[in-house]
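All residue numbers for the sequence shown refer to this note's numbering, where the first residue is 289 and numbers rise by one.
Rather than coming from a laboratory, the hints here were simulated on the basis of the structure. Don't take each hint at face value.
[To be verified] Simulated DEER-style distance windows between Cβ atoms:
id: 1; residue 1: Y344; residue 2: E390; range: 19 to 29 Å
id: 2; residue 1: F399; residue 2: A373; range: 15 to 25 Å
id: 3; residue 1: R301; residue 2: E353; range: 23 to 33 Å
id: 4; residue 1: I335; residue 2: Q362; range: 25 to 35 Å
id: 5; residue 1: R301; residue 2: V358; range: 16 to 26 Å
id: 6; residue 1: A389; residue 2: I417; range: 15 to 25 Å
id: 7; residue 1: T318; residue 2: E372; range: 10 to 20 Å
[What the hints assert, rightly or not] Below, in silico cross-link-like pairs of lysine to any residue (SDA-like), each with a Cα-Cα straight-line distance of 20 Å or less:
id: 8; residue 1: K402; residue 2: A373
id: 9; residue 1: K312; residue 2: T299
id: 10; residue 1: K303; residue 2: P313
id: 11; residue 1: K312; residue 2: I296
id: 12; residue 1: K303; residue 2: P315
id: 13; residue 1: K350; residue 2: D407
id: 14; residue 1: K350; residue 2: K312
id: 15; residue 1: K303; residue 2: G374
id: 16; residue 1: K402; residue 2: L348
id: 17; residue 1: K350; residue 2: E372
id: 18; residue 1: K402; residue 2: E346
id: 19; residue 1: K350; residue 2: R366
id: 20; residue 1: K303; residue 2: R319
id: 21; residue 1: K303; residue 2: C365
id: 22; residue 1: K303; residue 2: S342
id: 23; residue 1: K350; residue 2: D415
id: 24; residue 1: K350; residue 2: G374
id: 25; residue 1: K402; residue 2: D328
id: 26; residue 1: K402; residue 2: M414
id: 27; residue 1: K350; residue 2: Q410
id: 28; residue 1: K350; residue 2: D328
id: 29; residue 1: K402; residue 2: T377
id: 30; residue 1: K350; residue 2: A373
id: 31; residue 1: K312; residue 2: F387
id: 32; residue 1: K350; residue 2: T318
id: 33; residue 1: K303; residue 2: E339
id: 34; residue 1: K303; residue 2: K402
id: 35; residue 1: K350; residue 2: Y412
id: 36; residue 1: K350; residue 2: E379
id: 37; residue 1: K402; residue 2: G329
id: 38; residue 1: K402; residue 2: I335
id: 39; residue 1: K303; residue 2: T341
id: 40; residue 1: K402; residue 2: T336
Please read all numbers here as calculations on a predicted model, not as lab measurements. C-beta: ideal position from N, C-alpha, C; glycine also.
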Amino acid sequence: MADNKGVITATARRKLCMAHAGDKPLPVITRMAWGNGGIDGEGQPIITTGEETSLYGELLSKDVETHVYVNDGQTTCRYTATLEAGELTGEEISEMGLFDAEGDLVAYRTFLRKGKDADIPQIYDMDEIF
289 MADNKGVITA TARRKLCMAH AGDKPLPVIT RMAWGNGGID GEGQPIITTG EETSLYGELL
349 SKDVETHVYV NDGQTTCRYT ATLEAGELTG EEISEMGLFD AEGDLVAYRT FLRKGKDADI
409 PQIYDMDEIF
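Given these sequences and hints, build the entire structure.
Here is the structure:
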């Protein structure tokens, strides 16, 4: 299996470029979404390209609960959201994404399927790395 840590999307890179040029403010990351479309027919995570504009099989989107900078240089920001007990019961989650306040997918990741039990919350972290 190829290394697949996820990507900042082309949409996000365009927005960063425009913000750095002073032509448009950069919208904040506000939502995390989970889906079941991140694997191929053999159950392996699909390779991300950066051209994704949505999850392949989005199941749920929620507000990001918190964010922290995970290094002293403040070049990685970790966003956290929770699938509560009772949410997505029985689903096998294999993709996640971060969305900005304009509703655009700005970071995307695929991974091996994670089953969701009815009575157990799952906390998800997603890093945006610069």
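Going down the list of hints, with the structure as the test:
{"no.": "1", "hint": "Y344 x E390: 19 to 29 Å", "result": "holds, 21 Å"}
{"no.": "2", "hint": "F399 x A373: 15 to 25 Å", "result": "holds, 21 Å"}
{"no.": "3", "hint": "R301 x E353: 23 to 33 Å", "result": "holds, 26 Å"}
{"no.": "4", "hint": "I335 x Q362: 25 to 35 Å", "result": "holds, 29 Å"}
{"no.": "5", "hint": "R301 x V358: 16 to 26 Å", "result": "holds, 21 Å"}
{"no.": "6", "hint": "A389 x I417: 15 to 25 Å", "result": "holds, 20 Å"}
{"no.": "7", "hint": "T318 x E372: 10 to 20 Å", "result": "holds, 18 Å"}
{"no.": "8", "hint": "K402 x A373", "result": "holds, 15 Å"}
{"no.": "9", "hint": "K312 x T299", "result": "holds, 13 Å"}
{"no.": "10", "hint": "K303 x P313", "result": "holds, 8 Å"}
{"no.": "11", "hint": "K312 x I296", "result": "holds, 18 Å"}
{"no.": "12", "hint": "K303 x P315", "result": "holds, 8 Å"}
{"no.": "13", "hint": "K350 x D407", "result": "holds, 19 Å"}
{"no.": "14", "hint": "K350 x K312", "result": "violated, 26 Å"}
{"no.": "15", "hint": "K303 x G374", "result": "violated, 36 Å"}
{"no.": "16", "hint": "K402 x L348", "result": "holds, 15 Å"}
{"no.": "17", "hint": "K350 x E372", "result": "holds, 11 Å"}
{"no.": "18", "hint": "K402 x E346", "result": "holds, 14 Å"}
{"no.": "19", "hint": "K350 x R366", "result": "holds, 16 Å"}
{"no.": "20", "hint": "K303 x R319", "result": "holds, 17 Å"}
{"no.": "21", "hint": "K303 x C365", "result": "holds, 17 Å"}
{"no.": "22", "hint": "K303 x S342", "result": "holds, 16 Å"}
{"no.": "23", "hint": "K350 x D415", "result": "holds, 16 Å"}
{"no.": "24", "hint": "K350 x G374", "result": "holds, 14 Å"}
{"no.": "25", "hint": "K402 x D328", "result": "holds, 15 Å"}
{"no.": "26", "hint": "K402 x M414", "result": "holds, 15 Å"}
{"no.": "27", "hint": "K350 x Q410", "result": "holds, 13 Å"}
{"no.": "28", "hint": "K350 x D328", "result": "violated, 25 Å"}
{"no.": "29", "hint": "K402 x T377", "result": "holds, 11 Å"}
{"no.": "30", "hint": "K350 x A373", "result": "holds, 14 Å"}
{"no.": "31", "hint": "K312 x F387", "result": "holds, 17 Å"}
{"no.": "32", "hint": "K350 x T318", "result": "holds, 9 Å"}
{"no.": "33", "hint": "K303 x E339", "result": "holds, 14 Å"}
{"no.": "34", "hint": "K303 x K402", "result": "violated, 31 Å"}
{"no.": "35", "hint": "K350 x Y412", "result": "holds, 11 Å"}
{"no.": "36", "hint": "K350 x E379", "result": "holds, 16 Å"}
{"no.": "37", "hint": "K402 x G329", "result": "holds, 16 Å"}
{"no.": "38", "hint": "K402 x I335", "result": "holds, 17 Å"}
{"no.": "39", "hint": "K303 x T341", "result": "holds, 13 Å"}
{"no.": "40", "hint": "K402 x T336", "result": "holds, 18 Å"}
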